[in-house]
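**Student:** Each chain, written out:
2 protein chains.
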Amino acid sequence: MISQENLTTTETFPITARNQVKRISKRGIYDRQTIYQILDEGLICQLGFVVDGQPFVIPTAYGRMGDRIYVHGSPASRMLRTLKQGVQVCLTVTLLDGLVVARSAFHHSMNYRSVVVFGMASLVDDASEKVEALKAFTEHIIPGRWSDTRQPTRQEIAGTLVLSLPLTEASAKVRTGSPHDDEADYSLPFWAGELPLRLIAAEPVSDPRLADGIELPTYIQKYSRGIRE
Amino acid sequence: MISQENLTTTETFPITARNQVKRISKRGIYDRQTIYQILDEGLICQLGFVVDGQPFVIPTAYGRMGDRIYVHGSPASRMLRTLKQGVQVCLTVTLLDGLVVARSAFHHSMNYRSVVVFGMASLVDDASEKVEALKAFTEHIIPGRWSDTRQPTRQEIAGTLVLSLPLTEASAKVRTGSPHDDEADYSLPFWAGELPLRLIAAEPVSDPRLADGIELPTYIQKYSRGIRE
Numbered sequence: 039m040i041s042q043e044n045l046t047t048t049e050t051f052p053i054t055a056r057n058q059v060k061r062i063s064k065r066g067i068y069d070r071q072t073i074y075q076i077l078d079e080g081l082i083c084q085l086g087f088v089v090d091g092q093p094f095v096i097p098t099a100y101g102r103m104g105d106r107i108y109v110h111g112s113p114a115s116r117m118l119r120t121l122k123q124g125v126q127v128c129l130t131v132t133l134l135d136g137l138v139v140a141r142s143a144f145h146h147s148m149n150y151r152s153v154v155v156f157g158m159a160s161l162v163d164d165a166s167e168k169v170e171a172l173k174a175f176t177e178h179i180i181p182g183r184w185s186d187t188r189q190p191t192r193q194e195i196a197g198t199l200v201l202s203l204p205l206t207e208a209s210a211k212v213r214t215g216s217p218h219d220d221e222a223d224y225s226l227p228f229w230a231g232e233l234p235l236r237l238i239a240a241e242p243v244s245d246p247r248l249a250d251g252i253e254l255p256t257y258i259q260k261y262s263r264g265i266r267e
Numbered sequence: 039m040i041s042q043e044n045l046t047t048t049e050t051f052p053i054t055a056r057n058q059v060k061r062i063s064k065r066g067i068y069d070r071q072t073i074y075q076i077l078d079e080g081l082i083c084q085l086g087f088v089v090d091g092q093p094f095v096i097p098t099a100y101g102r103m104g105d106r107i108y109v110h111g112s113p114a115s116r117m118l119r120t121l122k123q124g125v126q127v128c129l130t131v132t133l134l135d136g137l138v139v140a141r142s143a144f145h146h147s148m149n150y151r152s153v154v155v156f157g158m159a160s161l162v163d164d165a166s167e168k169v170e171a172l173k174a175f176t177e178h179i180i181p182g183r184w185s186d187t188r189q190p191t192r193q194e195i196a197g198t199l200v201l202s203l204p205l206t207e208a209s210a211k212v213r214t215g216s217p218h219d220d221e222a223d224y225s226l227p228f229w230a231g232e233l234p235l236r237l238i239a240a241e242p243v244s245d246p247r248l249a250d251g252i253e254l255p256t257y258i259q260k261y262s263r264g265i266r267e
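Line order of the protein sequences matches chains L and A.
Per our numbering, residue 39 is the first one in the first sequence, and the count goes up by one each step.
Per our numbering, residue 39 is the first one in the second sequence, and the count goes up by one each step.
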């Protein structure tokens with residue numbers, strides 16, 4: 039049975055020793071909605087875990103369903119084999135929004151939205167929760183795709199390891215806007231401002247073996263990442 | 039004195055227990071040139087380290103100079119204070135190049151180039167190496183900017199912690215091209231192919247307090263990230 043319960047109904051995450059934003063704490067955000075928007079816009083997370091005292095950070099795709107993040111992969115994956123044992127993980131998602139160009143080298147910065155999640159991942163055993171997670175996963179990356187693709191077979195589901203990480207301890211860090219220069223520097227003859235960066239979809243490339251008569255779906259043609267309304 | 043020596047002159051990184059690409063090992067690359075191209079194209083790295091058994095992953099900007107990666111920040115930063123003690127770190131840079139849209143949900147994938155670096159960071163004490171590192175840092179993010187900005191003062195240099203991570207143990211993982219579907223699925227009526235993703239610069243936004251008569255520099259106007267020639 040798929041657990042539909044929310045792990046917590048609080049709208050902000052409690053601040054702990056781990057998730058507290060230390061540097062420039064005014065950029066710290068603990069609001070669940072903001073954090074979920076960042077998670078929903080990102081495509082790749084970075085999963086940090088420890089093996090014999092050694093940190094590993096592995097980029098991987100993910101999906102969110104309610105108050106859980108799902109990652110998946112092959113049962114042969116070192117990362118997933120480690121994580122399913124119930125070890126502490128640190129998951130980050132970073133969206134880079136722009137370069138902040140200050141008059142002084144010292145005050146150059148970046149505009150970004152990042153999320154850090156702490157917790158322990160666990161194996162999703164239940165076949166229907168697994169399928170729901172894979173659906174959330176696919177729809178997270180390409181909204182509209184799940185119903186327009188061959189569904190996973192029983193074998194494929196069995197051959198996929200899915201891990202679930204509860205969203206109970208998380209925080210976001212956000213910087214927006216113009217540079218903050220030293221007052222004396224504002225009159226200097228250097229350009230300053232923000233150079234916004236965007237992740238955009240370029241022209242889709244059809245598979246060379248595409249079957250005849252298949253049109254480009256709208257959800258591919260109009261793919262864009264930005265914030266969902 | 040600035041150390042100009044190369045830490046190693048080998049053109050490929052030795053494969054170790056840590057940097058070996060385990061999953062889909064044919065995607066593993068140990069060639070220094072490819073790894074440096076990925077590092078030079080990226081803007082943000084993810085720094086993983088361990089504090090009391092707990093993994094932390096922190097996104098941060100970086101620069102490369104020769105066979106070293108530099109990160110910097112405030113002396114008050116928890117991350118930098120931890121790292122300067124000489125702990126093991128895992129640094130990753132991930133470039134997302136596209137979504138791989140397969141006929142089956144199971145074979146969806148992403149095209150990406152990622153680098154993982156293992157090692158121990160050390161504090162850059164020498165003031166001139168620090169300045170060289172900050173220059174590399176700035177030029178890494180905005181080529182052309184260093185000579186068109188107010189240089190750091192002695193105080194700013196003293197108030198910046200710079201750490202250096204030797205590039206001695208690294209690997210890359212790269213996926214390109216079309217989806218790989220099961221043979222039986224190629225005739226299915228679903229669109230398949232690649233949706234390329236690009237990080238582009240949008241219209242620059244001048245600082246509201248920009249001094250009169252300052253033109254937009256060419257290196258901002260023509261900013262693009264792709265692979266440097």
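Since the hints were derived computationally from the structure, they do not count as laboratory data.
The C-beta atom is built at its ideal place from N, Cα and C for all residues, glycine as well.
Be aware that a few hints might be false.
[To be verified] DEER-style ranges, computed between Cβ atoms: (1) A/A240 with L/V243: 50 to 58 Å; (2) L/E221 with A/G251: 37 to 45 Å; (3) A/R236 with L/R247: 34 to 42 Å.
[Unchecked claim] Here chain L is said to cover these stretches of chain A; the calculated rule only asks that three of the stretch's residues, wherever they fall, bring their Cβ under 8 Å from a Cβ of chain L: (4) 66–79; (5) 94–108; (6) 121–132.
**Student:** Now tell me, hint by hint, if it's right for this structure.
**Tutor:** Okay, the hints, checked on the actual structure:
1. Checking the proposed 50 to 58 Å range against A/A240 and L/V243 shows it is violated: the Cβ atoms sit about 24 Å from each other.
2. One distance hint, 37 to 45 Å for the beta-carbon pair L/E221 and A/G251, is violated here, with the actual separation near 20 Å.
3. Distance hint check for A/R236 and L/R247: the Cβ-Cβ separation is about 25 Å, which falls outside the suggested range of 34 to 42 Å.
4. For the segment 66–79 of chain A, the assignment as covered by chain L is violated, since 0 residues bring a beta-carbon within under 8 Å of that chain's beta-carbons and 3 are needed.
5. Counting residues of the segment 94–108 of chain A whose CB lies closer than 8 Å to any CB of chain L gives 5, so the stated coverage by that chain holds, three being the minimum.
6. Here's how the segment 121–132 of chain A fares: 6 of its residues keep a CB closer than 8 Å to some CB of chain L, so the rule of at least three is met and the hint holds.
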